[in-house]
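K.L.:
In case you want the letters, here they are:
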Amino acid sequence: MPDSRFKVLTSASTSGPGDAGRTGSWRVERPILDYSRCIPAKTGKSACHLCWLYCPDNVVSKAIEPKIDLEYCKGCGICAEECPAKAIEMVSEENFVAGGEDE
Amino acid sequence: MSEKLIDSGNNAAAMAVQLAAAEVIAAYPITPQTPLTEKLSELIAAGEMDAEYVAVESEHSALGVCIGAASAGVRAFTATSSNGLLYMSEQLHWAAGARLPMVMCVVNRGIGAPWSVWNDHQDAMSQRDAGWIQLFAKDHQEIVDITLKAFRLAELVHIPVMVNYDGYYLSHTYMPFELPDAAVVKEFLPAYEYAHALDPQKPESLNTVTLPDSRNDINGVKQPGYMDIRHNLHQEMRLAMDVLEEIDADYQQRFGRGGTPIIDPYCCEDADYIVVAMGTLANQFRDVVDRLRQEDGLKVGVLALQIYRPFPTAKIAEALQSAKGVMVYEKGLSYGNQGALYADLKSALYPYPARPQLHNFIVGLGGRDIRTEDLCQTLKSACLQDDLSSPEQTDTPQWIGLQL
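In the order they appear, the protein sequences are chains A and B.
Quick note: the first sequence uses the numbering used here, first residue 1, plus one each step.
Quick note: the second sequence uses the numbering used here, first residue 104, plus one each step.
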């Protein structure tokens with residue numbers, strides 16, 4: 001039983017988005033979901049959801065139309081790699097920056 | 104019932120660990136520690152100890168297993184020596200940073216190269232900044248008592264504890280000692296409980312990448328940053344000295360031994376000159392002190408340092424500040440500088456205006472024989488030395504027993 005004089009600060013937290021801070025700014029490629037290919041979106045059923053399962057940062061929602069929280073998504077691309085329907089494309093962040101090539 | 108027996112230092116340590124009811128033992132054999140963990144494996148195999156013995160392929164893994172066990176809320180123990188301790192180095196820092204309580208016996212031995220299996224303190228001294236509490240035993244009885252206190256200390260303050268004792272001088276020699284009563288030990292050392300014990304029903308992220316700044320977690324609870332965690336490790340390590348004294352007082356009440364958990368002075372009250380040493384060397388100096396007092400009328404004393412990290416700065420400065428001279432004899436050094444203990448002591452005394460003249464002696468590296476006669480002569484001449492030598496000369500460590 002620890003002594004109350006000791007705060008024993010540890011790095012321990014509930015896993016979830018933001019566990020490692022606002023990591024969205026680390027992203028160089030953004031996952032873009034094509035709901036016309038996405039299995040739960042197409043079937044209207046809570047199925048597949050491999051993107052939700054594999055996301056190491058818990059930023060994909062387990063919804064009929066899965067959503068990715070870009071505030072925390074590091075752009076690792078695991079979801080795109082795992083998606084059996086090839087519904088997720090990794091697109092360079094340059095495309096979303098004001099004054100970027102395509103703007 | 105407590106039990107009096109005559110056995111080796113390694114077996115004394117093993118029996119203390121058995122009494123402490125450690126639940127996971129993971130160790131890799133290395134001389135002179137090997138008989139300690141062999142004894143533990145025998146006790147477990149014979150059903151005399153209810154613990155898991157995990158055979159590992161290296162010391163790095165041994166401490167890794169203990170880190171895993173302590174993370175799961177299980178009392179863990181390991182032991183090593185010399186290069187084995189160095190191979191653990193990364194995990195040492197991890198166990199401390201993660202605030203995981205566990206106990207490790209370090210049976211002190213010189214570090215290769217060249218290979219040496221004999222005693223000195225370089226192994227422990229080289230790991231002084233890892234964030235472990237480092238205690239030193241002078242005899243077999245202290246091995247037993249300090250090991251039992253170490254488990255309670257580690258679990259109260261959540262900092263791992265290293266119990267150091269001299270290879271061969273203690274590990275392989277036989278001495279009488281008393282083994283405390285198991286039922287009283289159980290009262291003294293309650294079960295280990297860990298608030299963050301691994302639990303599939305309550306998943307947590309532990310010691311993942313921790314940001315420079317503190318932040319709110321997904322529940323809105325403020326989580327400390329790296330620097331905050333490290334600051335508290337330091338502060339609480341300093342505070343651990345008070346807790347060790349409290350534990351020692353409780354131990355003394357229950358088992359009748361104790362009273363000097365931080366520093367153990369011998370003939371220091373009226374001493375003009377005080378030797379500071381750790382481990383068996385401090386006991387050897389009791390003979391030297393007796394002789395110089397008797398034969399030369401020199402008022403000398405010896406102060407055994409029982410804890411090296413956290414360094415008992417105030418206690419030691421208080422004990423030494425009124426002496427004319429302090430002679431630090433040590434079995435290790437910070438290569439290219441001085442003895443590490445000497446440098447620490449010098450820094451502890453610096454704020455005191457009446458600080459004594461300091462001398463540094465390096466002895467017994469890699470098991471070089473430490474002759475009591477040499478200790479008598481060097482101590483005597485340091486006491487009688489007039490202050491004609493330059494500050495640089497006095498501050499330079501003297502090597503005793505060189506055969507160049």
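Honestly, the hints are just simulated from the structure, not real lab data.
Heads up, some of the hints might be wrong.
Not close to chain B: a few residues of chain A, all C-beta gaps over 12 Å, as computed [claimed, not checked]:
1. 19
2. 33
3. 45
4. 80
In silico DMTMM-like pairs for lysine to aspartate or glutamate, Cα to Cα no more than 20 Å straight-line [claimed, not checked]:
5. A:42 - A:71
6. A:7 - B:316
7. A:7 - B:296
8. B:449 - B:375
9. B:402 - B:372
10. B:305 - A:89
11. A:7 - B:375
12. A:67 - A:34
13. B:289 - A:3
14. A:62 - A:82
15. A:7 - B:155
16. B:483 - B:307
17. A:74 - B:316
18. A:86 - A:34
19. A:74 - B:320
20. A:62 - A:34
21. A:7 - B:331
22. A:7 - B:373
23. B:483 - B:373
24. B:325 - A:71
25. B:325 - A:89
26. A:7 - B:349
Note that the structure is a prediction, hence the values are computed from the model and not measured.
Beta carbons: idealized from backbone N, C-alpha and C, even for Gly.
K.L.:
Take the C-alpha atoms of residue 7 of chain A and residue 316 of chain B, compute the straight-line distance between them, and say whether it is at most 20 Å.
P.N.:
holds (18 Å)
K.L.:
Given the proposed pairing of residue 305 of chain B with residue 89 of chain A, does the C-alpha separation stay at or below 20 Å?
P.N.:
violated (34 Å)
K.L.:
Decide if the proposed pair is consistent with the structure: residue 42 of chain A and residue 71 of chain A, CA atoms, cutoff 20 Å inclusive.
P.N.:
Cα-Cα ~26 Å, so violated.
K.L.:
Given the hint that residue 449 of chain B pairs with residue 375 of chain B, test it: the Cα-Cα distance must not exceed 20 Å.
P.N.:
holds (17 Å)
K.L.:
Going straight from one Cα to the other, do residue 62 of chain A and residue 82 of chain A come out at no more than 20 Å?
P.N.:
Distance ~15 Å between residue 62 of chain A and residue 82 of chain A Cα, so the pair holds.
K.L.:
Tell me if the straight-line CA distance from residue 325 of chain B to residue 89 of chain A falls inside 20 Å.
P.N.:
violated (35 Å)
K.L.:
Does residue 331 of chain B lie within 20 Å of residue 7 of chain A when you go C-alpha to C-alpha?
P.N.:
This hinted pair holds, its Cα atoms lying about 11 Å apart.
K.L.:
Grab the minimum beta-carbon distance between residue 33 of chain A and chain B and tell me whether it stays above 12 Å.
P.N.:
holds (23 Å)
K.L.:
Do the alpha carbons of residue 74 of chain A and residue 320 of chain B lie within 20 Å of each other, as the hint requires?
P.N.:
Satisfied, since the Cα-Cα distance of roughly 17 Å is no more than 20 Å.
K.L.:
Take the C-alpha atoms of residue 289 of chain B and residue 3 of chain A, compute the straight-line distance between them, and say whether it is at most 20 Å.
P.N.:
holds (18 Å)
K.L.:
Given the proposed pairing of residue 7 of chain A with residue 296 of chain B, does the C-alpha separation stay at or below 20 Å?
P.N.:
holds (15 Å)
K.L.:
With the threshold set at 20 Å, check whether the alpha-carbon distance from residue 74 of chain A to residue 316 of chain B stays at or below it.
P.N.:
holds (19 Å)
The structure fails to meet hints 1, 5, 10, 11, 15, 16, 22 and 25 from the earlier list, while all remaining hints are met.
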